[in-house]
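Build the full structure now, drawing on both the sequences and the hints.
Residue 496 in our numbering sits at position 494 of the sequence shown, and the numbers go up by one each step.
Don't take every hint at face value.
[Stated by the list, open to error] In silico DSS-like cross-links for lysine-lysine, where the CA-CA straight-line distance does not exceed 30 Å:
no., residue 1, residue 2
1, Lys144, Lys487
2, Lys102, Lys149
3, Lys316, Lys381
4, Lys101, Lys328
5, Lys554, Lys454
6, Lys149, Lys412
7, Lys249, Lys292
8, Lys420, Lys381
9, Lys592, Lys249
10, Lys454, Lys487
11, Lys453, Lys412
12, Lys359, Lys249
13, Lys450, Lys111
14, Lys102, Lys158
15, Lys472, Lys397
Hints are computed from structural coordinates only; laboratory data are not their basis. Predicted model, so just to flag it, every value in this text is computed and none were measured.
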Amino acid sequence: MKKSYLITAIFTGAAVTNISTLNYFAATASASMQGYKAERKVRNELPYEPDNRKVVENPEGVYRIRMLIAQAEKPQTQGKFETKIKDFYYSLQFGSFRKKENAERFLQKLPPEIRENAFIYVTDKGYYTVRYGLFDSYRLLKDVQEKIPINSIVVKTDVSKIVKEKIAVQEEIKKEKPKKELKKKPPKEEKIAEEEEVKLIPEFEEEEISIFEEEKPKIPLYKKIAGAIFFVPAYMLTHKQRGFWGKVEFSYKMEKYKDPYRTTSRNTFRQYYELNYEGYVYSPRLLTYKLGGNFSREDSKIKYGSSSSDSTSKLLGYNLELNFLKASRFPINIFAKKTESPLWYTYYDRTSYIERKTDAYGLYGNVRFAVSNFNYGYKHEKSKSTGFDFWEDRKTDEYLLSYGRSVFNKNLNISFKKNVDDYTQQYSSVTRKVYQDINNLNLNYRWKISKKSNLTADARYYSNSYTDLKDYTGNINYAWNPSDKLNANFGFSATRSEGNNYDLTFFSFNENLNYKLSENWNLGHNLILFTSSGTNNDQKLVNTGVNISYNKTVNEKLSFYGGTGISGQAETGNINRVGGTLSLNGGLIKRFDFLNSSFSLSGSTSQYKSSKDDRSNTYNLNERFVAYLANNLQFEHYINYYYQDSKYYRTTG
3 MKKSYLITAI FTGAAVTNIS TLNYFAATAS ASMQGYKAER KVRNELPYEP DNRKVVENPE
63 GVYRIRMLIA QAEKPQTQGK FETKIKDFYY SLQFGSFRKK ENAERFLQKL PPEIRENAFI
123 YVTDKGYYTV RYGLFDSYRL LKDVQEKIPI NSIVVKTDVS KIVKEKIAVQ EEIKKEKPKK
183 ELKKKPPKEE KIAEEEEVKL IPEFEEEEIS IFEEEKPKIP LYKKIAGAIF FVPAYMLTHK
243 QRGFWGKVEF SYKMEKYKDP YRTTSRNTFR QYYELNYEGY VYSPRLLTYK LGGNFSREDS
303 KIKYGSSSSD STSKLLGYNL ELNFLKASRF PINIFAKKTE SPLWYTYYDR TSYIERKTDA
363 YGLYGNVRFA VSNFNYGYKH EKSKSTGFDF WEDRKTDEYL LSYGRSVFNK NLNISFKKNV
423 DDYTQQYSSV TRKVYQDINN LNLNYRWKIS KKSNLTADAR YYSNSYTDLK DYTGNINYAW
483 NPSDKLNANF GFSATRSEGN NYDLTFFSFN ENLNYKLSEN WNLGHNLILF TSSGTNNDQK
543 LVNTGVNISY NKTVNEKLSF YGGTGISGQA ETGNINRVGG TLSLNGGLIK RFDFLNSSFS
603 LSGSTSQYKS SKDDRSNTYN LNERFVAYLA NNLQFEHYIN YYYQDSKYYR TTG
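Encoded structure:
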């Protein structure tokens, strides 16, 4: 039987508060001040309010471009069904290009059912945009946008520009057709209900938020020289990407750990000071840099059994970061840093203190294309760790390559990471030398099938030369949201592990359903099917459960929530047993006008029992308080209490 208790309390502020001690307890107080803020440009978002009115869709699904062009060309006459032609209509914009051939190429790649009603529109600034449909109703267009699985923005389209491009073609058609066909009456105009004015994105901003990018137009050499002489010096004098910022932190921690073997306690007071300066050379587009240093002091007192000891550590660190051409297609980041940190390890028979010093340097960069990115990186790290009865000397080289591509509603990412680890460890009188080559290859694919469904797939390969371990893992997940009330997730995974003396194979399927019963009540269901086979590991498991939750927002400053769940599982194979779990959770969040502060309290408990007399009882309690004393000064305090009493059945041999 194992019992463990844990309480963690952290205070962020200028003062330290007394905290009572339980079996495992930690209290930390810290205050931080940051004197530098980077300015960011706020991007205007397209306003949209949901409309519950039922909209009668056009029989063909959308307004045809040719029908609206005919309406624009028709002379205005007084009649019973007179309709005033607008100066503009609403359209969906898929992309913006500086070259017409690129826009035409993009248009041809669209699905046939979308390409039929898509067209190329030239803006006032000369950009070639690919747009879809001409709509008189903004609300109807939003409904259509939800059904098209391509990212788009809503823009205004001047019909007169399209009409001028179509006139020459239509005149040739009229000459070839018989006169009788020209006497066909145009379709009757339907009156469209007037809607409220909607603020849209102007044309000069449409290109900035377009989801596609192109190469920048070539700038003559004389313009570049003129810009360097006049613009760059003025930009340096007015730009605000320079300044000091820092952090001051004080923390006090009390810990107490108890198990069947012994009781260990530790009290620690830590001071941390950090100062940084950020700036640039000539222009932020050329080179930005960050220089910083830090100092920390930690005083600790440890008591284990009848013995006790005191320790003091003084640690220094620095960091340097250079960013070249960060606004270009091939930015590069070069860094170097040194960190010193104390580490504490609590074992069943002792508590050990280790001081680790690490020096690292490297670079990261990427190459940006229109719809893809290529990333690369290298990092060298050297560390030394010393303690009461332990020391380690470690060298690590890390290599990183990755490629990502995004087209329409599909994303593909491939990454490869290689670690070469060489270290020597000594514990008491035992020395161990290790050299390991670790390779990690990941593939991730995401497909946004529609506005209501997504598909993700992952594949991973992992190998370690020291342990002779090889892992092959594959996952696929489908998310489905048919309505605002129902959402579902279905997943399947497979893993194959091979080592020196074993091989294992795992398969699992999981399902999660959540249904919104009302504004406050939610009902959930989950199912897990698991099977494993291999060396001494033949097991099958079925787990299913239901849960119900309640959340209530009393007002903008107070909300609370709670829930309960029950689940059961059955296992067959090496171990045959059935069991069940009952859980309960709840909490509240309260905000105050005083110091723009907030308080949250949450807790949970669960109990598990099985036919093999297994049991597990857990309790968890969390409290957090945050207040903003000034613009850059924050006070934070939190307490965490955790208790677990567990007993599990194990097979013999």
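Going back to the hint list, which numbers does this structure go against?
none
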